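Q: Sequence lines, in order, name chains A and B.
Taking my numbering, the leading residue of the first sequence gets 1, the next gets one more, and so forth.
Taking my numbering, the leading residue of the second sequence gets 1, the next gets one more, and so forth.
There could be a bad hint or two in this list.
[To be verified] Derived EDC-like pairs (lysine to aspartate or glutamate); straight-line CA-CA distance at most 16 angstroms:
(1) A:K41 - B:E234
(2) B:K134 - B:D23
(3) B:K133 - B:D23
(4) A:K60 - B:D175
(5) B:K133 - B:E16
(6) B:K134 - B:E234
[Said to hold, decoys possible] Covered stretches of chain A (chain B as the covering partner; in silico rule of three or more C-beta atoms under 8 angstroms from a C-beta of chain B):
(7) 3-16
(8) 29-43
(9) 48-60
(10) 68-75
Because the hints were derived from the structure by calculation, they are not lab data.
These figures come from a predicted structure and were not determined experimentally.
Note that the Cβ used here is the ideal one computed from N, Cα and C, for glycine as well.
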Amino acid sequence: MRTEIFLIIMGMAAVTFFTRFAPAALFRKTGVPFWFERWMKHVPTGILTALIMPALLLPKGYLDVSIDNHYLLAGIVAVIATYLFRNVIVSMGLGLAVMVSLRFFGV
Amino acid sequence: MERKKGKVQGIPITSEFWIGIWDSVPLTIGVIPFGITCGIMALGAGLTAGETLLMSTCVFAGASQFIAITMLGAGISGWGLIVFTTLLVNMRHLLMGASLVPYIIRLPISLQALLSFGMVDETYAITVDRIHKKGYSANYQLGANTAFYSAWILSTAVGVLLSGYISDPLAWGLDFAMPAIFLAMLIPRLINYAAVTVCGVAALVAVVGALYLPGKWYIIIACFAATIVGGLMEGEGQHAN
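Bound-form chain B, shown alone (with noise of 0.2 angstroms):
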C-alpha cells in the first residue's frame, strides 16, 4: 500500500482511517495464532521462508493457504488443483462482496480493488458491524483492512522464525477468539423477526452442511438459503405494509 504525504491512493487518510485501525488492533489476536500457525506449518510442508511470507502477502486468506500448504506438504503441487481448490474455498467472498456492493458502488474503481483485496471474513464483520451501528466509511474499512493484513504478513514471519521452537498455538485454544468476535458482533444484529429467521435459517443449514458437505460449501449455501428466506419475509412485510 503507498503512502504519500497523509494520502493513501490519493484519498486522505481521516480519522476514520485510524480510527479503523485502532478498532482493529484488538481484534488481531483472532488471526495473529493462525498467521504464525501458518508460517510454522509453511516450513513443515517444505516451503521456504520467502515463499511463505509471498504467499500471506499475495493472497491473504487464511483457510485456502492453510489447504493449499497441507496439499503441497502431502506431495500434491498441481498447479490447477490447489488454485481450483483455493477458488471454492474463497466463494463465499463473492457474497460478502456482493453484500458490500451498494456501499463502494461510487467509489473510485483503484479503491474498490484496494478495498476488496483487504477483504477476509474479519475485516468484512468488522466493516458490517460499523455499517449496522454509524453507517458505512470507506476509510474505516480500509484502517481494518490496514490492520489486519499486516497482523497477517507479521504473525506469518513470527511463525516462519518460531518454526522448529514452539508447537501449534491453535492447541492453545486461542482459535477461539474470532468466533466469540463474529458472535459479539451478531448479536447486536438480531433485533427483529426477520434477522433472527435469518439467524435460525442459517444456524440450522450450517450445522447439517457441515456435518455432511465437503470443504467450506456449508458457509455459502447457509448464507444463501438464509439471506433468501429473509428478502423474502422483507417482500412480504413490505406488501403488507
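Just chain A, with the same shape it has in the complex (with noise of 0.2 angstroms):
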C-alpha cells in the first residue's frame, strides 16, 4: 500500500465522520433547542426530495422531460406502486422491471 493513498483514504475517513458525528458531538452538552428540532422536523422529506428530483428528471446532466426519459417513467411507475402497494420492496421491484425492460427491450 503506498502511503500517499493510505494518507488520503485516512483524510476522506476523517472528514466523512466528521459530517456525520458533528451535529451529535455539537449538541451533546447543550441539549436540542426547540426551534432547531421544529427546524430538523421537516429534513428528512426535503433531503428524499433533493435525491430523488434530479435522478429523475436530469438523469444525464440535463434536464429532460419526455417519454425518452427511462428515470422519470419508472419513477411514475414506483409512484402508482407506491400508492397501491405501501411497500417499499414492491416499488423498488416494479420501477427496476420498468427500468431494465425499458433499456434492453426499447418498449
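Please assemble the complex out of the two chains, which come individually in their own frames, going by the hints.
A: And the structure:
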C-alpha cells in the first residue's frame, strides 16, 4: 500500500465521519433547542425529495421531461406502485423491472 | 464492529437489531451495483485491491469515493484537494445527522459515534422511515447500518474480483433502485400541507440547483430552503391555534 494513498483514504475517512458525527457532538452538552428540533423535523422530506428529483428529471445532467427519459417513466411507475401497495420492496422491484425492460427491449 | 456474546459495544442485540437487518437486506440492491462499479473503477484508476477495500471500509461514502477515484485516475493526487472535495460532497450529512440528534442525544457517546459512522443516504432514509412509522430505535438503526456497511464492502470486493471481466453494472439501469426506494419512503410522508410544501420547494430548488450548481450543493441548498419554509409554516400554525 502506498503511503500517499493511505493518507488520502484516512483524510477522507476523517472528514466523512466529521460530517456525520459533528451535529451529535455539538448538541451533546447543550441539548437540542426547540427551534432547532422544529426546523429539523422537515429534513427527511427535504433530503429525500432533493435526492430523488434530479435523479428522475436530469439523469444525464440536463433537464429531460419526455418519454425517452426512462428514469422518469420508471419513477412514475414507482409512485403508482407506492400508492397501491405501500411497500418499499414492491415499489423498488416494479420500478427496476420497468427500467431494465425499457433499457433492454426498448419498449 | 466488535461482537461478544450477543452484544454490540455493550448494547444487547435485541430483535430490533435483526428487524433492522431484515428490512434492509432487500434494499441493499440499491447500493450493490454502486459498490461493484466502485471496485471496477478503482482498479481501472490504478488503485490496488487493498487500497480499494480500505477506502470502502474506512470511508463508506459512495459519491465521494467515486469522485476521489476519478481524481486519482486523472492523476490528481493532492491530499488537500481530494480530502476537501470529500468534505464538500458529504456536507449533506451534517443536515441528516442534525435531524437525528433529537433521537440519539441521550445515547452513550460511543454508540452515537458508531451510529453516525454508518449514516449514509440509504441508512438515513431507512431510519427516518422507521421513525415515521413506529418511532426511533437505535438497535434498528444499527441493524440497517450493519446491513449496508457489509453490502458496501462485499460489493466493492466483488467489483475488485470482477474487474476486467464485466462492464459497469450501473449501465444496466440498476442505479434506479435508489431513487425508487427513496420515492417509496417519501410518499407516505406527504400527509399534510406543510410536508407537501416542503417537498415542492425541495423539488424546485434541487432541480434548478442540479442544473446550475457544481457537485452535490443542490441537495444541501434544496434541503435548507425547504426545511426553513416548513419550519416557518409550523410556527404560523401554532400561532393560529
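Q: All the hints need checking, so say for each whether the structure fits it.
A: Against the structure, the hints come out as follows:
1. About 10 angstroms separates the Cα atoms of K41 of chain A and E234 of chain B, which keeps this hinted pair within 16 angstroms; it holds.
2. For the suggested pair K134 of chain B and D23 of chain B, the alpha carbons sit about 14 angstroms apart, so the restraint of at most 16 angstroms is met.
3. Proximity of K133 of chain B to D23 of chain B is assessed by CA-CA distance (about 13 angstroms); at most 16 angstroms being required, the pair is judged to hold.
4. This hinted pair checks out: K60 of chain A and D175 of chain B have alpha carbons roughly 12 angstroms apart, not beyond 16 angstroms.
5. For the suggested pair K133 of chain B and E16 of chain B, the alpha carbons sit about 14 angstroms apart, so the restraint of at most 16 angstroms is met.
6. The suggested pairing of K134 of chain B with E234 of chain B is violated, with an alpha-carbon distance near 22 angstroms, which exceeds 16 angstroms.
7. Look at the stretch 3-16 of chain A against chain B: 13 of its residues bring a Cβ nearer than 8 angstroms to a Cβ of that chain, three or more, so the hint holds.
8. With 11 residues carrying a beta carbon less than 8 angstroms from a beta carbon of chain B, the stretch 29-43 of chain A meets the three-residue requirement, and the given coverage holds.
9. Only residues whose C-beta sits within less than 8 angstroms of a C-beta in chain B count toward coverage, and the stretch 48-60 of chain A has 11 of them, enough to reach three; the restraint holds.
10. With 4 residues having a beta carbon nearer than 8 angstroms to a beta carbon of chain B, the stretch 68-75 of chain A meets the requirement of three or more and the stated coverage holds.
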